[in-house]
Structures are given as C-alpha cells and as structure tokens.
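Engineer: First to last, the protein sequences are chains R and S. Residue numbers 10 to 421, in the numbering used here, belong to the letters of the first sequence in order. Residue numbers 3 to 222, in the numbering used here, belong to the letters of the second sequence in order.
Treat the hints with caution; some may be incorrect.
[Said to hold, decoys possible] Covered by chain S, according to a simulated footprint, are these stretches of chain R (three or more residues, beta-carbon under 8 angstroms): (1) 15-27; (2) 329-336; (3) 348-354.
[To be verified] If we take Cβ atoms under 8 angstroms as the criterion, some of the chain S residues that face chain R in the derived model are: (4) H50; (5) A53; (6) L55; (7) W65; (8) E75; (9) R83; (10) V96; (11) A112.
Hint data in this document are derived by calculation from the structure and do not stem from the laboratory. C-beta atoms are modelled at their ideal positions from N, C-alpha and C, and glycine is treated no differently.
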Amino acid sequence: MNPFAMVRADLRAMRWSAVVVVLLVALAVAIGIAVAAQERGLRQGSARAADDFDLLIGAPGSQTQLVLTSIYLQPEALPLIDGGLLNTLTADPRVAGVAPIAFGDIFRGYPVVGTTLPFVSRWGKVVASEGRLFSAEAEAVIGADVKLALGEDITPAHATAGEKLQAGEEGAEEHEHKHEGVVYHVVGRLPRLGTPWDRAILIPVESVWETHGLGNGHATDEAPLGPPFDAKRVPGVPAIVVKPLRVADAYQLRSQYRKDGTMALFPAEVLVSLYRTVGDLRDVIVIAAGLNNLLVFAAVLLLIATLVTLRRRRYAVLRALGAPRAYVLLVTWLGAAGLISVGCVLGLALGWVASSAVAAEVERQTGLHVAAGLGWGEFRFAAGLVVAGSLFSIVPALAAWRLPVSEGLQAG
Amino acid sequence: MLSGVRVVFAQGRASSVVAVDAGHLAVEQGTLLGISGPSGSGKTTLLHVLAGLQTPTMGRVRWGADELVGMSEKARDSWRRQHVGFVFQDFHLVPELTARENVLLPLWFARWAVGADAFARATALLQQVGVPDPDRRASVLSRGEQQRVAIARALLCGPRLILADEPTASLDAETGAVVADLLVRSAKAAGATLILVSHDPAMLARMQVVRRMDKGVLLA
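Excised from the complex, chain S in its bound form (with noise of 0.2 angstroms):
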C-alpha cells in the first residue's frame, strides 16, 4: 500500500518539481499491476519508491506490515533481499559470472556459503525459465537468454513482490513476448504481486489491472 508519496526535487533555492505524485495506491498480494505512461512521466521513480531504493519526500510506503520510510537503509537492503525481486530493462548481469552464479549472487550478500540446497534451486529456476546451461558465462548468452535467467535471478528468494522496469524494451517482439508470458506466469505460481512498468501495450494487455502516469501523476 502506497499513500501520500511524492518525491520532490529541489531546483535551486525557491523552486522545486515535483517528480512524482502518487496519491493513494493499494495493492492486493498477488495482483499483476501494470503502470502505463510516456517516458520521463516518473514510472521508475515511483517503481524505486516502492522497492525503498528511493526515499520519498514525502508520504508512507507500507508492503504488509513493513513500513519501508521509516526504515533504517541497512533493514531496507535486507527486506528488499528476501521479499523483492527485480527484473530490469537491461537484465544488468554481471557479464563475468556464468548463469547460475548471476542466480545465486543475491544469497552471497547476507551469507558466507551456498548449500547445495540453494545450487540445486538455482539450477532448476534457469531450467524453468528455458537456460539449459547453468555454466555458460552471462556474457556470452542472447539478449533474452539474459533476461530468462534476470528472472530466474528474482525468483531465487521466492519473493512476495516482483518489480519489474520496461522487462521487454530491450528484446524483440517475438522474445519479447515468450519473456512476458514467462514473467506473468512465474508471478502467479510464486503468487507474488507483480508490478511492472511498461510502454509495451502487449505486456500490459497481460496485467489484471494497468494504472497510467503522466508528468509524475498517478492517475486513477
């Protein structure tokens, strides 16, 4: 649940713009929520927002019973860990690492070691998500290969919420298209809330309920 927010940045001394007006938006676990809007109209703003990646002004953050504002940034970075997964435009693998390392770096930020339980899982996900070959380094994978293990990637911590930013932008139609069915479908097993932000109208056409944004006003 989202009240109040707005994110304003100070322009000079006197003026200020506000980047970023959200109002009131409530989000029932496991709803798949589409945020529409032209580029610049603050989508990833409010999608940063509501991963506590960024610190509204003004207004509450609320996912269940965590309420992300008030938070410390250190609790923050340990919710968003075991309860968000995050899927973005441009993968953002670390190219060095093969597919199931890429999986797996989530679990190296809190712990020292990966059980096998968690190597087995990883190498099950990137089965589910169509990459046969766990060892391939992430460099040498296609652009949606990439993007099938970002997934597998966010699925990892089994998390209550999926964030993801404009997740087809950067992939043909036809891949495109097989990676939001992927993404759509992941969600709802995991019976996550999905919430994406997206130009794409195929990918929206997937979400059961699509808000617009325009010029950082999310409109009803």
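In isolation and in its complexed conformation, chain R is listed as follows (with noise of 0.2 angstroms):
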C-alpha cells in the first residue's frame, strides 16, 4: 500500500492548520533547545574564564564580588591588601606564579588593569597577537576586542563603581574623572581569550600605583618591571592571582591565607556553588519549557484529533472504495507524525537561531564568549520528541480507523 497520495492530499486540504502546527511544535521545542544550549554554554564559557585564576587572594568580603569583579572585570570598588604580600608569595615555594590585579581605572568604558608580565602572558601561554608585552611604565598591552591601534596614547580615567560601562564609548563620569597628565602608549595587542579580558587594556602595576601617586613599589624609579617589590611600603592592591605549583600546595596556600586580614578562594569552587543555584532556576524552565511542550504537543494532536474527525467522510469513501482500515490508520498516522516531526527539525534550527542570537548579546555585553553549539543532549531531545510525537499521533490515526464507514458515508 502506498498512503503517500493520500497523505499529500490531507496535507494540502489542512493548508493553513499544517502551517500553525508545524510552527507551535518548532517554537515550542526551539524554546527547550534553546534553554538547554545557552545554559550549557554559560557555564562552559564562565567556568573556561576562570581558567587561569586557580587562586585569588583579596581582602575579607564577599567571595562572588571578588570573583565578578577579577574575573569577570564587573567594576566595583574592592578594599586593598597589602601589596607586600606579592614579595612573600614570589618567595614561597609553593607557588609558580603570582600576579597582582589593580583595576579602578578606565579608558573608554574599557577597564584599565595592572597586573604583571606572568600574567599578561598567562603564565606563558599566550603571546602577543600584534605587536610586544609592555616591558616599561607607560606601556599598554590590549585586549583583543579593544577598539585601539598600536602605537595610540590613552589617558585613563578613574572608574566609578557600579558605572554600566559601554565597551569602546567615554561616559560623562568617565570624562569628568580623567587622570590629567597620564599617558600609556598601546604597544602590543593579544589573542582572543572568549572572556571580558578581551576588553581590558592591561598596563604594568607599577603605573596604576603611579597613576594614583603611590610610587611604583620599587625602591627606585629605574627598577625593572615586577617583583621583588622593594619599596619601604609596597602600595596595596585589590586581588592577587596565584598559580600553586601542585595540588596540595593550593590547598594550603588558600587555608593559610583565609586568616589574618586576607580572604582566599578557588574561583572554581566559587562558580560550583553558583552553577548549583542557577541550575536549580535552570531546572524550573527545564520543566517549565517541558510542559509547555507537553501542552503544545495535547493541543497539536486534539487538532489533527478534530481535524480527522471532520473529515471522516473521507476516510469512509475510501472504505468504501476498498481501501483497509490499516490505509486509513498509515495515512492519518503520517500526516500527523509528519507535521510534527517537521515541528521538531524546525524547532531544533530555530532553538540554534536564537540561542546563537542571545549567545551574541551576552558577548556583546560581557565580552564572555558562549559556545552557543548544539550538544548531543539538544538532538537527543529532538529525536525523543519526534519518537513521542511519533507515538501520540497514533491517538488521532486511532479516531480515523475506528470510524464507522456506513455513518461516515452519510455525515454532513
């Protein structure tokens, strides 16, 4: 037997009720998808962020506000530790780098950071893209999405805390807090990173402590970039990121620095127990979008329900023609697992559509970039629904094969 005939004429008798199907099934799908990939990739892209930031160190205070704010470069005004601290942990053995991280200042809504070579490098990974690493005061090395030629001079300005910054734009603060007379010469640029550091202009910390009349931490001006820090009183800074050598030595480095005035953390960890109430909401739209789904799904097949026993005097011609109930069964039945099965192909594009769509705005907004892929989760779940719409399009396919030919004969 072949229903294909049929099943072309049902479709195109449905017209427009074959168009809004096929659609409430691809949104409403596209909306599980969606939800699945772009959390997904929030956390892969947020946890990949954190990647070279094994430990911080900063003052007492709140663990996600140092995370955010070193991390994730959200500006906001983080009490100092002492400065002296980068000399003790440069001498540790337990460690195989250290790096401060002084932010407070910005230059066109980029934030302006110090920080030293190691970390510039991070930690020797990455080289720069254009151009060289600062090697003196006054130099700048740029992120790969600041909007700034090699060779510019820039003047910073003093950020304010809580200020929405617009990447590339001087704000009206930024204009009225300018440092006057400060000039960093951009001198190379990096790679891409995926992360907000792509928008950070990363100067040596030597210069945000001059910048702020603090000297450069050294006993004098001519000291090379860097540690040892010998100036009689180091200026503070509001994080410091540490490599541990191993394991072990991470564990006891963050113990022994969680007392007497310092605060230390595993950004990791830190992002774990976010991850977990953000995965709590997740799970409500996971099962929100699910029903919804459901729901989406019982209103497609009560159509395609309705819509079959509308036409029941067609299917009892056919009967009445010869054709068996089994005909009628594989006709009703294609057609709806059909529709819905385009529903779910379409949904699974659409549900990529937009996940990429809100996957640029979130790098548009926070420099974080989201793998905003389809994973295998996402097509398992499209081919589950499909399977399941499959298998529910047997209730309507049942109402057709039950109809009695003689009354669907003489129906209106």
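Two chains, two frames, some hints: make the complex.
Structural biologist: Okay, here's the thing in structure tokens:
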C-alpha cells in the first residue's frame, strides 16, 4: 500500500492548519533547545574564563564579588590588601606564579588593569598577536576586542563603582574623572581569549600605583618591572592571582591566606556554588519548557484529531472504495507524525538560531564567549520528541481507524 | 444474491426499529437493477449492506461464491477493492488530487507502485468518460466532470458489481442524463451488474429491473 498520495492530499487540505501545527511544535521545541544550549554554553564559557585563576587572594568580603570583579571585570570598588604579599608569595616555594590584579581605571569604557608580565602572558601560554607585551611603565597591552591601534596614546580615568560601562565609548563620568597628564602608550595586542579580558587594557601594576600617587612599589625609579617590590611600603592591590605548584599547595595556600586580614578562594569552587543556584533556576525553566512542550503537543494532537473527525466522510469513502482500515490508519498517522517531525527539526534549527542570538548578546554585553552550538543532548531531546510525537500521533489515527464506514458516508 | 436480510437498529433497551427488511433478492450477473423509493426508505442502507460496508443483523449476502456476512473485515475490504465500483451522489473525489490520481487511488490501497499500464488505463478511462485533461485537480472540475471521474474510478479495476447511490441527484437534468447514459453504457460494456438507488425516473427508466422500497421493506 502506498499512502503518500493521500497524505499529500490531506496536508494540502489542511493548508494553514498544517503551517500552524509545524510552527507551534517548532516554537515549543526551540524554547526547550535554546534554554538547554544556552545554559550549558554559559556554564562552559564562564568556567573557561576562570581557567587561569587557580587561587584568588583578596581582602575579606564577598567571595562572589571578588570572582566577578577579577575574572569577569565587573567594576566594583574592592578593599585593598597589602602589596607586600606579592613579595612573600613570589618567594613561597609552593607558588608557581603570582600576579596582582589592580583595577579601578577605565578608558573609553574599557577597564584598565594593572598586573605583571606572567599574568599578561597567562603564565606563559599566550604571546602578543600584534606588537609586544609591555616592558616599561606607561606601556599598555590591549585585549583582542579593544578598538585601539598600536601606537595610540591613552589617558585613563577613574572608574565609578557600579557604573554601566559601554565598551568603546567614553561616558560622562569617565570624562570628569580623567587622570590628567597620565599617558599610556599601546605597544601590543593579545590574542582572543573569549573572556571579558578581551576588552581590558593591561598595564604594569607599577603604572597604576604611580597614577594614583603611590610611587612605583620599587626602591628606585629605574627598577625593572615586576617583583620584588622593594619599596619601604608597597602599595596595596585589590586582588592577587596565584598559580600554585601542586594541588596540595593550593589547599595549603588557601587555608593560610584565609586568615589574618585576607581571604583566599578557588574561583572554580565559587562558580560551582553559583551554578548550583543557577542550576535550580535552570531546572525550573526546563520543567516549564517541558510542560510547555507537553501542552503544545496535546493541543496539536487534539487539533489533528478534530481535523480527522471533520474529514470522516473522506476516510469513509476510501473504505467504500476498498481501502483497508490499515490504509486509513497509515494515512492519518503519517500526516500527524510528519507534521510533528518537521516541527521538531525546524524547532532544533530555531533553537540554535535563538541560542546563537542570545550568545551574541551575552558576548556583546560581557565579552564572555558563549559556545551556542547544539550538543548531543539537544539532538537527543529533539529525536525523543519526534519519537514521542510519532507515537502519540497514533491517537488521532486511531480515531480515523475506528470510524464506522456506513455512518461516515452519510455524514454531512 | 441476497436472502433474508434484515438490518435492525437498536433503540433503547427494549424496542428496536427494523430499518431494512430486504427479504430475498437475486440478481443475475450483468443485470441493471434500479431501486426506487422515497428518502429515508432504507435504500442507501441496503446498498451499504450489498457492498459489505454494513453488516446486517441477520440474513446472508452472497455474491457468486463470496459470502460477505461471515467474512473478516479485511477480506471484505479486499473483496470490495477487487469487485465493486462505487459511485456516490456527491462524487466524493479527493479534491486535492488530480483527476487521474483520483482514478488510480484504489490501486494504492494495495500496492506501493502503480505500473505504466494502470497509468495508461486511467488516462484512457478518463478519455472514455469525457475528461480530456487528466492532470487537472478534481477541485477545479465541474460537477458533471467530477461524476465522470468518479465513474472512471469505479471502472478502473474491472468490477463485477457497480453500486451507485443517487448518481444523478446532484446534477442538473441535462448533465444527469449524460452521466446516466455513461454509467449504463459503461456497466454494459464491462459486463458488470449495476445496482443503483435513485428516485430520478429518467435514470430508473434505463434499468432492466426496478424494485421499490418503502419504509425499509423491499417490495416485490
């Protein structure tokens, strides 16, 4: 038996109903797909951004805030810790790398971050994609997304905590708080990291201190960049990032710097607890999306069942012409399952488009690169819906199968 | 041959209504039989019983060696597909299919592919009944043309039995006369038995035998 001529005829007869069914299913599926893909992408993207931050040390306060400010460069005024710790940690045998993170200034909305060379090169992992890394005070290296040219001179301004920054634009606050007379010279650009640091302007921490009238942290003006900072009083920094030598060292360092006026944390651990909170929210959204799918599928099947009943005379005629029950069952089942399947596939595509759009917006706002691609989970979800939809399509098809022929022929 | 056929509709627990009491009806192969009678007299129900679409409450329906009443539904569907051509008052074409697809439709009930010979036969049948363009959608055909397509559809499998339910009632007199003529001619040419239900005197006048039904009873 070949049901396709009748399936085609039935779909043609449905016209807009068929389009509506496909779109309803596609939208319902797309929402589920987009939520799942986006949540996963965001989790992976934010975890990757924290990759080079094994251990953070800051002043006691909010752990989340220290993570958000250091890793995601959300502007916030953090209390400072003693800069002398940099020397102590540099000398510590358990430490493979240490660098200060000194923020507080901006230029055209880009955060200006003071640090030392080991962290600019991400512990030796990256080299400048253009130009070179800084080698003297008043030199700056820019992130991949900073819209400045090499050789340009910039004058930073004091950032205001909580200010909504628009990357690439000079806000009113920024205009009023310029550090007059301070000029940094752009000497290099970093490759793309896919993190908010792609929008940062990196300068030697010494320059940050100088700009704020705290000296350069060294005993002499001519001292080379970086530790040891041998000034009588090393200026403070808001955060120190430490790369411990071994895992055991990491735990020791954390417990050591958890007391006596400092706070130490593993950003990965803070993120995990954040994800747990977000994960609960995600579960709620996933359940809501699931219920939404269920409702749409139920509505669609009801619509198809109604259409089948409305067309009972058409199917009764087929029976009168000699079609077995199985033929009518196959025609109606294929029609319904086909529409639902097309909707699911379209929903997969729509979900990907929606997820990409959201990812692009997240990247535009935060600089965080979110991989919006569809994973196996999404394909399995869509495939599962196709199977479930096809199984449930048997319901309207059974309605057609049960139609009594003689009554159907006499139906209006 | 039809004997002792009764169709009873249950009405409530105690009472029931006898819709059709056909008594005995024997039809020779190749006969043109008309059944007349007012609306609601049970003509259509009788036709459905003859086609095996409805199982009578009692009695037997036998065509040649085939006993319909005892047959499984599947076997009856197959029997109908092979031996019966149906023509309805309202044509009942599938409007979204072309004229030729409508004619070929019964073949798809049983097989996957329709051969070139069947395709050619459908085109020839459509020519024969006066529908020159087989690729037009059924929905754009005139009523007369639609009934011609329906007759071609009924003839495709070379049926032994053609059943027609008021085939001219939805057509104007002139078209009706042409269609009636076509139906009778086709049945004769195919050597098929034609049983038609009608209250169109012109149509009935072309039948060899006319039986009348009244209040469900097939009169002698």
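Engineer: Hints first: check each against the structure and report whether it holds.
Structural biologist: Structure-based check of each hint:
Counting residues of the stretch 15-27 of chain R whose beta-carbon sits less than 8 angstroms from any beta-carbon of chain S gives 6, enough to reach three: the coverage restraint holds. Look at the stretch 329-336 of chain R against chain S: 7 of its residues bring a Cβ nearer than 8 angstroms to a Cβ of that chain, three or more, so the hint holds. For a cut-off of 8 angstroms, the count of residues in the stretch 348-354 of chain R with a CB near a CB of chain S stands at 0, and the three-residue condition is violated. Annotation: interface hint on H50 (chain S) holds; nearest CB of chain R at approximately 5 angstroms, less than 8 angstroms.
With a cut of 8 angstroms, the hint placing A53 (chain S) at the interface with chain R holds, because the nearest CB-to-CB distance is about 7 angstroms. A distance limit of 8 angstroms between C-beta atoms decides the matter here; for L55 (chain S) the minimum to chain R is near 5 angstroms, and the interface restraint holds. Restraint check, W65 (chain S) versus chain R: the minimum CB separation of about 14 angstroms is more than 8 angstroms; hint violated. Hint status for E75 (chain S): holds, given a least beta-carbon distance of 7 angstroms to chain R, under 8 angstroms.
Annotation: R83 (chain S) was flagged as interfacial toward chain R, and the flag holds, the nearest CB pair being 3 angstroms apart, inside 8 angstroms. At its closest, the beta carbon of V96 (chain S) sits 5 angstroms from a beta carbon of chain R; the interface hint therefore holds under the 8 angstroms criterion. The beta carbon of A112 (chain S) is positioned within 8 angstroms of a beta carbon in chain R (closest approach about 6 angstroms), and the interface hint is therefore held.
Going down the numbered hints, you'll see the structure goes against 3, 7, while the others check out.
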